[in-house]
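Protein chains in written order, with my numbering: chain G, 1 to 324; chain P, 1001 to 1342.
FYI, nobody ran anything at the bench for these hints, they're computed from the structure. Just so it is clear, the structure is predicted and the values come from calculations on it, not from any experiment. All C-beta atoms, glycine included, are put in the ideal place defined by N, C-alpha and C. Among the hints, erroneous ones may be present.
Computed, partial: chain G to chain P, Cβ under 10 Å [said to hold, decoys possible]:
| id | residue |
| --- | --- |
| 1 | A33 |
| 2 | M174 |
| 3 | V255 |
| 4 | T259 |
| 5 | I274 |
| 6 | P286 |
| 7 | I292 |
| 8 | V296 |
| 9 | F302 |
Short derived list, chain P residues pointing at chain G, Cβ under 10 Å [said to hold, decoys possible]:
| id | residue |
| --- | --- |
| 10 | V1020 |
| 11 | L1027 |
| 12 | Y1167 |
| 13 | L1168 |
| 14 | A1283 |
| 15 | S1287 |
| 16 | G1295 |
| 17 | G1303 |
| 18 | Q1311 |
| 19 | I1322 |
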Amino acid sequence: MKERFVGIFKAIGRFFVKLGNAIKRGVVCAARATGRFLANFWRSFRAFCGMIYSNKKAFAGAIILILFAFLAIFGRLIFPYDDKTSFADMYLKPSGEHWLGTDGMGRDLFDMIIHGTQDVMSIAIFTAFFTVGFGVLMGIISGYAGGWTDRIIGLISNVFMSLPQFPILLILSMFITIRDNFTLALILSVFSWPGLARSVRSQIMSLKERDFIQICSVMGVGRVHIIFTELLPNIMSFVAINFISSMKNAITASVGMMTLGIALFEPTNWGAIIVSARNSGAFAIPAARLCIIAPVVAIMLFQIGAILFSNGLDEAFNPRLRKN
Amino acid sequence: MSEFWSKTRRFFYKTKYFWVKLLVTLLTMLIVAVLSFVLIKSLPGDVVHQYALNLQNTLKVPYEEAYATAVRMLNYDPEQNIFSAFMTYLGGLFRGNLGQSIYLEDVTANSIIADYLPWTLLVSSVSLLLSFVIGTMMGVRMARKRNGATDTVCTGVITVTGAVPDYLLGVILLMVFGSVLGIFPTYGAYDLATVGHPWEYFVSILHHAALPIITYTIAQVGGWALMAKGSAVAVLGDDYVNAAVLRGLPPRLIERRYLKRNAMLPLVTSLVISLAYLFGGSAVMESVFAYPGIGRAFTTYIGKRDYFVVQGLFLFLSFFIILANLVADFLCGLLDPRVRER
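One chain only, chain G, in its complex shape (with noise of 0.2 Å):
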């Protein structure tokens, strides 16, 4: 009996055992891959940042970038927001108090705007996902596949380009309002993909005739992995860019439907702001238009910054620009 109970601890003991084996041997694994992983991230990243830091427009661009990303982040832990209105504070002078001076209702101008980055900067970063991600994919597939299917999204993204794209949006607003971040960048990307899939086509289509790639499909390497491994890594720098640049086209955008009330939003957002100024008559004032000069500022801050980052991540990137 004794020897029993021995014998089924023996075998418990000698499981959690093994299992502590295969357990230490799968992180051991885990933890060599990771860091093979993270070694070879870093190397890229150090190449990449490297890149950015021998060229002057791209490091300056990246800055700026970096700081907007940064308030968006940590802003609001920094410099808390506070929305309670008091008209005996409207429209005040800039001071040690109020950096920026006041709105109309009396709110402190400079953490308005910085409150707002995170606003502003995720409906860039939604709608630059969501066009890059449909646009690379349309792109890829109609590239790779040719034929029927490439004639057919061809079709699509045409008409689709020559939607016009104002009225549209108009017509839109009649039915619905928009209120949240998301669905205001599905609207915009809708109207963006179409240009980025089609150039995304043509380098897929020019890189497809490449050797490496003709001796993958000869080895008999799946479609997957030829393009997860092997196009993908080609047009990143590429995709880069036009993430960017869509972020801005975004930023462009969404200020132009908020002056024009299609789109309803966060009273911090800087579209908003100067909507709201313009609205209440800051021009007339003078010490109101700080409330239309900030945020403009801020948007062309943003711009600049991007404009920057991605013409000079193509000049870092294309061999042709970098020689003259």
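Position chain P against the provided structure of chain G, taking the given hints into account.
Only chain P this time, still in chain G's reference frame:
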């Protein structure tokens, strides 16, 4: 007979580019027409009823007759099934009947277009011309003296102006020149007081249009300059320019005869394409300047929820943009054979 068929087939094959474009255009137009029909179809049902009640009061006729008139005037019967309603709708479109206002009897989409479109055309065509001329001159100069002071300064200016969305540029210019300095008027297209005096009326129109034109021009000039620079740089590398330099021709002559003319060729096609946007106008820009253009009229009537006018304007604007695109594509295909083969 077979020769005829092979000839026909060859003809279609050669002109494939144009047929594809035509097909795309027709598809897009159909989509737009369906969209605007859906807009009407999704109306609350009592719009016609309300309109009929209005008519009943003004014309002093029995309700049934007023209702029939309302259906005829709005060209929409809520009781029809969806296909025949669509057909009636298309029929109305072909008769040039774009849409009747629900609120005002003498306002139709056609009259709104006649009132507002000329202002949009004035501002956008003048600014397009100005920005094209200035931009190409700048671009060619930049290409000639690359990495010189002019190039650096111009590139900086273009980066900054390209970074500001055009309507925000408008807001700033309006604030500086309109409100602070008071040089330009801040709204409208002309002074009402000048109507009847041809010369003053003309000056007043120019005065009011100046700020929108300046804004549009500044916003567009950068794009043209960069495009011109790119194409001029490509031309500069060509052999005939080098040969001209070697022959000792004066640089000014080279710039005018050899460089500008050839660099302009690809730009002309882009110019044709941007003609399409002339008619659309920019709704945002016109609402910033309170300028009575077609884009502003569109947003105003959307604000009023005047559905029939809105769909008419939408259809008109979209069709114009689409058609202009088609014409641009055709012209590009005619001018540049490489486009056709793609």
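Hint check:
Below 10 Å, beta-carbon pairs count as interface contacts, and G/A33 has none with chain P, the closest being about 43 Å; its hint is therefore violated. Below 10 Å, beta-carbon pairs count as interface contacts, and G/M174 has one with chain P at about 6 Å; its hint therefore holds. Because the closest C-beta pair between G/V255 and chain P is about 6 Å apart, less than 10 Å, the hint holds. Residue-level restraint check for G/T259 holds (minimum Cβ-Cβ distance to chain P is 5 Å; threshold 10 Å).
A distance limit of 10 Å between C-beta atoms decides the matter here; for G/I274 the minimum to chain P is near 7 Å, and the interface restraint holds. For G/P286, the interface hint holds, the least distance from its beta-carbon to any beta-carbon of chain P being 8 Å, beneath 10 Å. Interface hint status for G/I292: upheld, as the beta-carbon distance to the closest one in chain P is roughly 6 Å, under 10 Å. A least Cβ separation of about 5 Å between G/V296 and chain P falls short of the 10 Å threshold, and the interface hint therefore holds.
Of the supplied interface hints, the one on G/F302 holds, with its beta-carbon coming within about 8 Å of a beta-carbon of chain P, less than 10 Å. Hint status for P/V1020 relative to chain G: holds, with the closest Cβ pair at about 8 Å, below 10 Å. Look at P/L1027: its Cβ gets to within about 5 Å of chain G, closer than 10 Å, so that hint holds up. Against a cut-off of 10 Å between C-beta atoms, the interface hint on P/Y1167 holds, since the closest Cβ of chain G lies about 6 Å away.
The restraint placing P/L1168 at the interface with chain G holds, with a minimum CB-CB distance near 5 Å, inside the 10 Å limit. The criterion of a C-beta within 10 Å of any C-beta in chain G is met by P/A1283, whose closest approach is roughly 6 Å, and the hint holds. Hint status for P/S1287 relative to chain G: holds, with the closest Cβ pair at about 6 Å, below 10 Å. With a least beta-carbon distance of about 7 Å to chain G, the hint placing P/G1295 at the interface is held under the 10 Å criterion.
This hint holds: P/G1303 has a C-beta 8 Å from the nearest C-beta of chain G, less than the 10 Å allowed. With a least beta-carbon distance of about 8 Å to chain G, the hint placing P/Q1311 at the interface is held under the 10 Å criterion. For P/I1322, the interface hint holds, since its Cβ comes within 10 Å of a Cβ in chain G; the closest pair sits about 6 Å apart.
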